[in-house]
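Chemist: Single-letter residue listing:
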Amino acid sequence: MEHLLDFLSLSDPNVRYVVIGSILLAASSAIVGTFTLLKKKALVGDAVAHSVLPGVCLAFLLSGVKNPLYLIIGAFATGWLSLVLIDYITHKSKIKEDTAIGLILSVFFGIGILMLTVIQKSGNAAQSGLDHFLFGQAASLIGKDLIVFSSIAVILIAAIWLFFKEFALIAFDENFAHSIGFPVRALELVLTTLTVLAVVAGIQAIGVVLMAAMLITPAAAARFWTDKLKVMIWLAAGLGAFSGLVGAYISYVAPAMPTGPWIVMVISIIAVLSFFLAPRKGILFRFFTQRKFQNQMLEENILKLFYQLGETEGSYYQSRSMAEIIARRPFQIARLKKGLKNLYKQGFLKTSAKGWAYTRAGKRKGQRITKLHRLWELYLTEYLRIAPDHVHEDAETIEHIITPELERRLEEKLRFPTLDPHQSEIPYRKL
Amino acid sequence: MDAFWIILAGSLVAIPCGLLGCYLILRKMAMIGDAISHAVLPGIVIAFFVSGSREPVSMLLGAGILGILTTFLIEFFHTKARLQTDAAIGVTFTWLFALGVILISVFAGQVDLDQDCVLYGEIAYVPIDLWITDSGRIMGPRVIYIMGMVFLVVLCFILIGYKELFLTTFDPAFASATGISVALWHYLLMGAVSFTTVGAFESVGAILVVAFLIVPPATAYLLTEDFKKMMLITALLGLVISFCGYYLAVWLDGSIAGAMSVVAGLIFGVVFLLHVVGSRLPAAGRA
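Chains as they are written, first to last, in the working numbering: chain A, 2 to 432; chain B, 245 to 531.
I should point out that these hints are in silico values taken from the structure, not numbers from a laboratory. These figures come from a predicted structure and were not determined experimentally. It cannot be assumed that every hint is accurate.
Stated by the list, open to error - Some, not all, of what chain B presents toward chain A, calculated at C-beta under 10 Å:
| id | residue |
| --- | --- |
| 1 | Gly277 |
| 2 | Ile309 |
| 3 | Leu313 |
| 4 | Phe316 |
| 5 | Gln328 |
| 6 | Gly334 |
| 7 | Val335 |
| 8 | Phe337 |
| 9 | Ala352 |
| 10 | Pro371 |
| 11 | Trp375 |
| 12 | Leu452 |
| 13 | Phe456 |
| 14 | Ser499 |
| 15 | Gly509 |
To be verified - Dumping the calculated DSS-like pairs for lysine-lysine here, alpha-carbon to alpha-carbon at most 30 Å:
| id | chain 1 | residue 1 | chain 2 | residue 2 |
| --- | --- | --- | --- | --- |
| 16 | B | Lys407 | A | Lys97 |
| 17 | A | Lys293 | B | Lys472 |
| 18 | A | Lys40 | B | Lys472 |
| 19 | A | Lys95 | B | Lys472 |
Just so you know, even glycine gets a beta-carbon here, dropped at the ideal spot from N, CA and C.
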């Protein structure tokens with residue numbers, strides 16, 4: 002607890018640099034990453050991240066000093082070049098984009114590693130710390146770096162704010178943007194440049210290998226909670242900033258722990274939790290809605306079956322055993338038991354020693370489902386001219402979906418018919 | 245003699261990687277190969293920690309499991325959470341890779357693994373790292389045996405499953421119509437990729453494996469339309485890359501694995517330029 006207070010008070014200037022740096026970098030790359038993700042260019046971010054390494058090494062080789070500005074210019078140059086090359090390779094040959102990305106990524110990274118090892122063996126004392134670009138070393142951020150990085154963060158945020166409408170349009174509907182005369186190519190170039198800038202700013206803290214995560218993971222997490230672009234951007238930035246803070250805190254408490262991987266760890270856990278728990282889009286929500294609907298279908302099918310059995314025998318309220326039900330329609334026994342139990346709880350069926358029987362409400366509901374099924378079959382044959390022996394399957398699914406309003410429309414359109422295409426009676430509720 | 249062992253080790257990494265890469269790039273799964281090569285890291289670290297040594301069987305097992313898990317997770321996020329494929333790949337492998345790097349820091353001092361060797365391996369140590377039997381006989385470099393085994397397994401896998409792999413790659417619908425399980429061969433291929441990645445991990449590092457997986461097949465893909473020829477060219481390129489890469493590294497005094505991927509990139513660059521020029525010439529002739 003003491004650690005946490007110490008940490009949050011930011012009284013130590015070194016801690017201050019690291020915390021502010023991590024938060025700024027994580028938040029600004031998350032903002033740019035939102036567009037990267039929406040444009041389905043997540044892996045391009047990965048390629049840029051790996052490709053900045055030779056640029057950093059080259060800048061160092063040429064200048065001989067570890068000036069953050071030179072290194073950033075170098076990184077920017079090769080990061081940009083890699084994107085141009087990926088584009089060129091995919092356009093000029095049959096090589097697919099994913100192959101081109103992997104190819105450029107690994108070759109540029111190989112060049113970077115070769116240069117890095119050559120520099121390390123050259124005996125230049127200033128080179129120590131250059132390898133921090135590989136995995137990131139937020140703890141080594143100093144005041145000078147912070148100024149450079151926060152100016153980049155400000156540029157990124159200002160550019161996104163300025164071109165918000167344009168970027169939103171090319172992210173969602175590029176063709177439309179093109180047709181109303183937007184300079185799509187130029188805008189894409191700006192967006193690409195911003196992506197490269199975000200990567201270049203982030204590598205010092207996160208490292209080239211994991212930088213892609215800082216771009217896309219916060220955005221991927223935010224995507225699950227909202228459909229509004231503005232909310233998504235703020236959320237992604239917030240999640241990014243939070244993971245930056247936690248990552249910096251962990252490496253403050255345990256200095257042996259690498260900051261970058263911990264930031265990625267935190268944001269990834271947030272993302273995976275979002276995939277599972279988010280309302281409407283999450284895996285669990287989807288699973289439960291699906292199950293609810295399956296149960297509803299099962300129950301309605303059972304009620305419909307009771308109606309059909311009653312129809313053939315002329316007695317709707319008779320008790321029926323499970324064997325009798327399965328003889329007519331092969332339900333799975335476990336599912337059938339569950340469905341019958343649920344229907345009993347809802348008051349549609351009652352139970353006795355001889356089996357299960359309709360209540361009044363149950364008969365009313367079974368009758369309605371049967372009616373909908375037959376109305377739909379008739380609609381398909383009358384209006385879509387589908388052969389009567391082809392309409393059953395379709396009606397079997399739609400009968401669970403039709404609303405009372407649609408039901409009324411169908412009745413009116415078909416002028417309250419009495420027989421379906423298979424000459425079964427369409428049952429109306431007696432008024 | 246050192247040069248011979250290193251070039252041999254490089255070739256033994258490059259050839260199986262390239263052969264599997266041919267399938268990957270044709271299945272548009274190049275980036276899944278990239279993802280697996282990153283994501284096996286935690287498996288390697290855990291296996292390393294549990295067995296306490298670089299005992300190859302547990303490492304291959306650990307990484308093999310992680311490789312399959314990666315493919316499964318990507319598939320799961322994509323189908324169940326409807327996350328777009330590129331994001332599913334990106335999120336999954338960075339997460340697992342971060343886990344691996346954190347585990348290395350946690351076990352630091354207990355295991356002889358460092359972050360750099362993850363990135364570009366230690367192929368230069370191949371000739372020193374000898375396999376010495378209990379009776380004290382020197383059997384030659386250990387990595388050669390490991391990679392030799394990986395090479396043979398991958399070769400057998402491709403020879404035995406050639407027809408199935410070929411069909412599921414080029415015509416999955418026809419393959420499943422004739423009773424070949426597309427999913428099974430997908431996972432077998434992914435298993436083989438993870439298996440090779442781990443074998444190669446010690447010599448070229450987890451990330452540069454990608455260069456061997458993608459660059460030679462992509463080069464061969466530009467040169468021929470015949471799949472068998474493509475595999476043959478890929479294998480030959482593997483040899484050339486290992487040979488030239490080694491001497492480039494010696495000349496510059498840098499990372500051998502890095503130099504090998506530079507050579508691979510150079511060869512691709514030349515072939516690509518010829519391809520672009522060549523595809524322009526006949527067009528000009530016709531006009």
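Chemist: Against this structure, judge whether each hint is valid.
Modeler: A quick look at each hint next to the structure:
1. Gly277: holds, 7 Å
2. Ile309: At 19 Å from the nearest chain A Cβ, Ile309/B fails the 10 Å test, so the hint is violated.
3. Leu313: violated, 13 Å
4. Phe316: violated, 14 Å
5. Gln328: Since chain A brings a Cβ to about 6 Å from Gln328/B, closer than 10 Å, the hint holds.
6. Gly334: holds, 4 Å
7. Val335: Since chain A brings a Cβ to about 5 Å from Val335/B, closer than 10 Å, the hint holds.
8. Phe337: holds, 9 Å
9. Ala352: holds, 6 Å
10. Pro371: Cβ of Pro371/B sits 18 Å from chain A, so the hint is violated.
11. Trp375: Violated. Min distance 27 Å.
12. Leu452: holds, 6 Å
13. Phe456: With Cβ-Cβ at 8 Å, under 10 Å, it holds.
14. Ser499: At 4 Å from the nearest chain A Cβ, Ser499/B passes the 10 Å test, so the hint holds.
15. Gly509: Cβ of Gly509/B sits 3 Å from chain A, so the hint holds.
16. Lys407/B / Lys97/A: holds, 24 Å
17. Lys293/A / Lys472/B: violated, 52 Å
18. Lys40/A / Lys472/B: The given pair, whose Cα atoms are some 36 Å apart, is violated under the 30 Å limit.
19. Lys95/A / Lys472/B: holds, 18 Å
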